[in-house]
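Residue strings, one per chain:
There are 2 protein chains.
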Amino acid sequence: MTITVAIDCMGGDHGPPVTVPAALQFVREHADVRVVLVGQAGAIRPMLGDAAVGRVSVRHASEVVAMDESPSLALRNKKDSSMRVAINLVKAGEADACVSAGNTGALMAISRFVLKMLPGIDRPAICAVLPTMTGHTHVLDLGANVDCSPEHLLQFGIMGASLVAAIEHRERPTVGILNIGEEEIKGNDVAKRAAELLADSGLNFVGNVEGDGVYKGDADVIVCDGFVGNVALKTSEGLAQLLATFLRQEFRRNLLTKLAAVVALPVLQRFKKRVDHRQYNGATLLGLKGIVVKSHGSADVLAFTRALQRAAEEAGSGVLARISERVARQQPLQETA
Amino acid sequence: MTITVAIDCMGGDHGPPVTVPAALQFVREHADVRVVLVGQAGAIRPMLGDAAVGRVSVRHASEVVAMDESPSLALRNKKDSSMRVAINLVKAGEADACVSAGNTGALMAISRFVLKMLPGIDRPAICAVLPTMTGHTHVLDLGANVDCSPEHLLQFGIMGASLVAAIEHRERPTVGILNIGEEEIKGNDVAKRAAELLADSGLNFVGNVEGDGVYKGDADVIVCDGFVGNVALKTSEGLAQLLATFLRQEFRRNLLTKLAAVVALPVLQRFKKRVDHRQYNGATLLGLKGIVVKSHGSADVLAFTRALQRAAEEAGSGVLARISERVARQQPLQETA
Numbered sequence: 011m012t013i014t015v016a017i018d019c020m021g022g023d024h025g026p027p028v029t030v031p032a033a034l035q036f037v038r039e040h041a042d043v044r045v046v047l048v049g050q051a052g053a054i055r056p057m058l059g060d061a062a063v064g065r066v067s068v069r070h071a072s073e074v075v076a077m078d079e080s081p082s083l084a085l086r087n088k089k090d091s092s093m094r095v096a097i098n099l100v101k102a103g104e105a106d107a108c109v110s111a112g113n114t115g116a117l118m119a120i121s122r123f124v125l126k127m128l129p130g131i132d133r134p135a136i137c138a139v140l141p142t143m144t145g146h147t148h149v150l151d152l153g154a155n156v157d158c159s160p161e162h163l164l165q166f167g168i169m170g171a172s173l174v175a176a177i178e179h180r181e182r183p184t185v186g187i188l189n190i191g192e193e194e195i196k197g198n199d200v201a202k203r204a205a206e207l208l209a210d211s212g213l214n215f216v217g218n219v220e221g222d223g224v225y226k227g228d229a230d231v232i233v234c235d236g237f238v239g240n241v242a243l244k245t246s247e248g249l250a251q252l253l254a255t256f257l258r259q260e261f262r263r264n265l266l267t268k269l270a271a272v273v274a275l276p277v278l279q280r281f282k283k284r285v286d287h288r289q290y291n292g293a294t295l296l297g298l299k300g301i302v303v304k305s306h307g308s309a310d311v312l313a314f315t316r317a318l319q320r321a322a323e324e325a326g327s328g329v330l331a332r333i334s335e336r337v338a339r340q341q342p343l344q345e346t347a
Numbered sequence: 011m012t013i014t015v016a017i018d019c020m021g022g023d024h025g026p027p028v029t030v031p032a033a034l035q036f037v038r039e040h041a042d043v044r045v046v047l048v049g050q051a052g053a054i055r056p057m058l059g060d061a062a063v064g065r066v067s068v069r070h071a072s073e074v075v076a077m078d079e080s081p082s083l084a085l086r087n088k089k090d091s092s093m094r095v096a097i098n099l100v101k102a103g104e105a106d107a108c109v110s111a112g113n114t115g116a117l118m119a120i121s122r123f124v125l126k127m128l129p130g131i132d133r134p135a136i137c138a139v140l141p142t143m144t145g146h147t148h149v150l151d152l153g154a155n156v157d158c159s160p161e162h163l164l165q166f167g168i169m170g171a172s173l174v175a176a177i178e179h180r181e182r183p184t185v186g187i188l189n190i191g192e193e194e195i196k197g198n199d200v201a202k203r204a205a206e207l208l209a210d211s212g213l214n215f216v217g218n219v220e221g222d223g224v225y226k227g228d229a230d231v232i233v234c235d236g237f238v239g240n241v242a243l244k245t246s247e248g249l250a251q252l253l254a255t256f257l258r259q260e261f262r263r264n265l266l267t268k269l270a271a272v273v274a275l276p277v278l279q280r281f282k283k284r285v286d287h288r289q290y291n292g293a294t295l296l297g298l299k300g301i302v303v304k305s306h307g308s309a310d311v312l313a314f315t316r317a318l319q320r321a322a323e324e325a326g327s328g329v330l331a332r333i334s335e336r337v338a339r340q341q342p343l344q345e346t347a
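Keeping their order, the protein sequence lines are chains A and B. Be aware that the first sequence starts at 11, since it is given in our numbering, and climbs by one per residue. Be aware that the second sequence starts at 11, since it is given in our numbering, and climbs by one per residue.
Among the clues, some could well be false.
Copies of the same chain are indistinguishable here, so a pair counts whether it falls within one copy or spans any two.
[Stated by the list, open to error] Straight-line distance between alpha carbons at most 25 Å, and here's what the computed PhoX-like set of lysine-lysine pairs gives:
#1 Lys268 / Lys282
#2 Lys283 / Lys268
#3 Lys283 / Lys226
#4 Lys226 / Lys282
#5 Lys126 / Lys101
#6 Lys299 / Lys101
#7 Lys89 / Lys126
#8 Lys226 / Lys202
#9 Lys89 / Lys299
#10 Lys126 / Lys299
Derived from the structure by calculation, the hints contain no laboratory data.
Chain A on its own, in the form it takes in the complex (with noise of 0.2 Å):
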């Protein structure tokens, strides 16, 4: 089966510079994908040289939607945007998956106007993957939602142990909510009502896991609402961006630190690649009838690389049909509880 991505190029902090670069590299690793590059053909052509031909097509879109433009605005008026456009080929079954490193707000007001949720969905989820002690876990809504119902939370849940089960082939990864543990609380209303509703749901449901558990595997799914786990992944961005700066500063602090660094460099070489944020990049827009993946705004070619190859991944796996079918199994039990 070979994979179509349809890849919005003028998305993102550098637009074709990086986007195009990476769809050559990504086409060139995987022999059963097809890339759609959209956007202002005059300036993705001259890069394409005579690689790739063949899987790599070219579909021209006039406008481009700004990283601080409304999204309100930019769904209103940029009807041929390379976004859009991107979005339009998933509707249209040009095309597998999009991946877009634009304006947040503006790709998940497109894709839910032109997509439309699935069923039994009230609201798409941004999720991602953080490394933990353990392996990795899945944390979901990343900043789509401000303010969740329990019944939101509940879907966020059963949509990203969907993700899990098709993407890694495991049928019960286990399932948490974030929370926080202090005595007199233990969480706001809406943690504690959707807790009781994840424990009834027959997801293999792991209770609270507060945010030190994040990083420690505590479990392979953990929803929160969109402001909580946008801090939360924001957070931890600044933390390691001063835990870098800070290690940077002491081995560059002198001439014998600087040699202590040379004799480190391969030890430090492979903790930056292990902890490299890049390798993570690529968030995915869960709960719509097609597969968007959101890059970084300011990724590179390697990270954007990676939001190709999880798009792709995930047109692969099923993951729509099988949180559909989860869903329909939902609802009954919802209704009789």
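Based on these hints, arrange chain B on the given structure of chain A.
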């Protein structure tokens, strides 16, 4: 001026084996402090030796609040717990501050019951110091309140700014609100309204701070509700542990990497010291008519000493008077708004 610190010696994961040596070290290092060691005298006295007689006293308390005990039961039933007696000493004016590594919920509940709130403050908030690229920042609330109104967040801003002004002698510390930056939404309604109140408050308000901005040093004081703050703090703890573990693993991989570790050891130790979370131990319960500092439950002697220093600093800074005065100034402003 001599500062007297009442210490709940029984609290925390370790109790007297950590709290008593930390208290003695604290007294040795600071000529102008006294400590009252509160707890089971039979456990405390044998650890004292002849050290620091005169500035160290013991106050027997027959009960101990367990780490997993219900705060409301601890409040109702344990009138002679070490935690409660330590707080009583602050109330009675026999101590200028108290420190506990015990059950956070119980410490909150008992402090609030015994000491009462400062006029104009509705709820206490937990405020801690975190390192940043440019120094450090104060973040509150970190778990005392799971559902905050915009007015509560404004009060947190006033309290945090008053604390920084009192301790660091800076009249106009910057204040930010933790928020998310996704285009469509820009945060939830509470955060939006709180930002308006903070902008009108006369504080040096710098607007929204995203998760990564916490560690960049975007503001001297960052306010958030306790659910989000707690998740951000604990996620950071988890990530720091993950990175430390991975770094250690890479340096222990084989003989060559172990040799590299020996060469790099002084640098790694400097780095470790610089990011040592024990340096930042001691979170303040702000908003009470008395100074109460919460140590991490797992604190060791060094960490607990830091919490004692923090309590003494705050007691010597006049922070409570400053908060009261600032709140009083705020009231008319809000009423005319």
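Hint by hint, here is what the structure shows:
{"no.": "1", "hint": "Lys268 / Lys282", "result": "both (17 Å within a copy, 17 Å between copies)"}
{"no.": "2", "hint": "Lys283 / Lys268", "result": "both (20 Å within a copy, 19 Å between copies)"}
{"no.": "3", "hint": "Lys283 / Lys226", "result": "both (19 Å within a copy, 23 Å between copies)"}
{"no.": "4", "hint": "Lys226 / Lys282", "result": "both (19 Å within a copy, 20 Å between copies)"}
{"no.": "5", "hint": "Lys126 / Lys101", "result": "within (9 Å within a copy, 61 Å between copies)"}
{"no.": "6", "hint": "Lys299 / Lys101", "result": "within (8 Å within a copy, 62 Å between copies)"}
{"no.": "7", "hint": "Lys89 / Lys126", "result": "within (17 Å within a copy, 60 Å between copies)"}
{"no.": "8", "hint": "Lys226 / Lys202", "result": "within (22 Å within a copy, 33 Å between copies)"}
{"no.": "9", "hint": "Lys89 / Lys299", "result": "within (20 Å within a copy, 60 Å between copies)"}
{"no.": "10", "hint": "Lys126 / Lys299", "result": "within (6 Å within a copy, 55 Å between copies)"}
No hint from the list above goes unmet by this structure.
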